[in-house]
Amino acid sequence: MGLNRKEYTLFLTPGDAVDVKLFIRRNEVVKFSLNYRAEIKGRWHQVYRVDSYHGFLHEMRYWLSPRPIKLPYMEQYPLSFVFRHFMIEMRLRFRNYRSLYEETDG
Amino acid sequence: MKRRTGECMAKKEMDDERFESMLDFFDKVFRDPEKYPGRAVVLPMRGPEITRAFTPKRLELVELIKRDQPTTAAKLAKVTGRMVEGVLRDLALLKELHIVQHRKEGKEVVLTMKQDFLVIPLVPSLALKELKQKHGEKSEGELNEEAKKDIEAARKQIKGGKGISTKELVEQLGL
Numbered sequence: 001m002g003l004n005r006k007e008y009t010l011f012l013t014p015g016d017a018v019d020v021k022l023f024i025r026r027n028e029v030v031k032f033s034l035n036y037r038a039e040i041k042g043r044w045h046q047v048y049r050v051d052s053y054h055g056f057l058h059e060m061r062y063w064l065s066p067r068p069i070k071l072p073y074m075e076q077y078p079l080s081f082v083f084r085h086f087m088i089e090m091r092l093r094f095r096n097y098r099s100l101y102e103e104t105d106g
Numbered sequence: 001m002k003r004r005t006g007e008c009m010a011k012k013e014m015d016d017e018r019f020e021s022m023l024d025f026f027d028k029v030f031r032d033p034e035k036y037p038g039r040a041v042v043l044p045m046r047g048p049e050i051t052r053a054f055t056p057k058r059l060e061l062v063e064l065i066k067r068d069q070p071t072t073a074a075k076l077a078k079v080t081g082r083m084v085e086g087v088l089r090d091l092a093l094l095k096e097l098h099i100v101q102h103r104k105e106g107k108e109v110v111l112t113m114k115q116d117f118l119v120i121p122l123v124p125s126l127a128l129k130e131l132k133q134k135h136g137e138k139s140e141g142e143l144n145e146e147a148k149k150d151i152e153a154a155r156k157q158i159k160g161g162k163g164i165s166t167k168e169l170v171e172q173l174g175l
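Keeping their order, the protein sequence lines are chains A and B. As numbered in my numbering, residues 1 to 106 make up the first sequence, in order. As numbered in my numbering, residues 1 to 175 make up the second sequence, in order.
A portion of the hints provided could be inaccurate.
[As the list claims (entries may be wrong)] Cross-link-like lysine-lysine pairs, in silico, BS3-like; alpha carbons within 25 Å at most:
1. A/6 x B/95
2. A/21 x B/114
3. A/6 x B/28
4. A/21 x B/66
5. A/70 x A/31
6. A/21 x B/28
7. B/114 x B/95
Worth flagging that the hints you see were computed from the coordinates, not collected in a lab.
Given the sequences, and given the hints that come with them, work out the whole structure.
Shown next as structure tokens:
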């Protein structure tokens, strides 16, 4: 049975957005991605991402590199908890992520 | 000039109440994902903001853009029988709310809608409801003041009316 996809966008500020993707099988979320992007000088840039694709939880800190960084310490928790944790983390830290990205990319 | 509509929420950073409502929304999606739409911009809004932002004229514009995209402000003004200036004002708000996107093509502004939108109505928190029950209908600021007085009164009750500092309270509770 294939996966259904849900996609939502929310704006933390007019220039800071989080794209949420949820993959669903038999009415259950089986994987997700959270993608934080920022509008910098009129263009949107991917700054930070966390997802549970490819069978493991990982994050991408684009100001460092697009290489995935594994997050094994979070894998013991239910997916909804992990999702909620990273939503809160993203909201707390997005300004920091943004300035780190601007420093390296700007 | 004072802004008339729900523009304010579109200009600001998402506050705690909106963010909490967003988290609640995603909790519900995780519990029963098939119940929710497939693709949308999520807008947590208070009741009055919803009615101010989504006037019948603006909803008509949204429906027309959805149906006829890509389209222009001039075409929308013609179809709706409205002045272009009025249509542009409404489109500015819809753009601020990230419901419609626009790009310039020569002299024309081309309008599109990449995804639907989903409004999450904010409900007053339980604490706010309790405060209203106790102190009656007052503004949020006044209720905050009442809450501070309640906390002070509770502090005085402890320690035989002498009051207690936050530090002492934390120590007593063993936190």
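We went through each hint and held it up to the structure:
With a CA separation close to 23 Å, the supplied pair residue 6 of chain A and residue 95 of chain B stays within the 25 Å bound. Simply put, residue 21 of chain A and residue 114 of chain B have alpha-carbon atoms about 16 Å apart, close enough for the 25 Å limit, and the pair holds. For the hint linking residue 6 of chain A to residue 28 of chain B, the alpha-carbon distance of about 13 Å falls within 25 Å, and the restraint holds. Proposed proximity of residue 21 of chain A and residue 66 of chain B is supported: the alpha carbons are some 22 Å apart, at most 25 Å.
A threshold of 25 Å between alpha carbons decides the hint, and for residue 70 of chain A with residue 31 of chain A the separation of about 15 Å falls inside it, so the pair holds. The hinted pair formed by residue 21 of chain A and residue 28 of chain B meets the criterion: a straight-line CA distance of about 15 Å does not exceed 25 Å. For the given pair, residue 114 of chain B sits about 12 Å from residue 95 of chain B by alpha-carbon distance, which is consistent with the 25 Å threshold.
Hint check: no violations occur; every hint is consistent with the structure.
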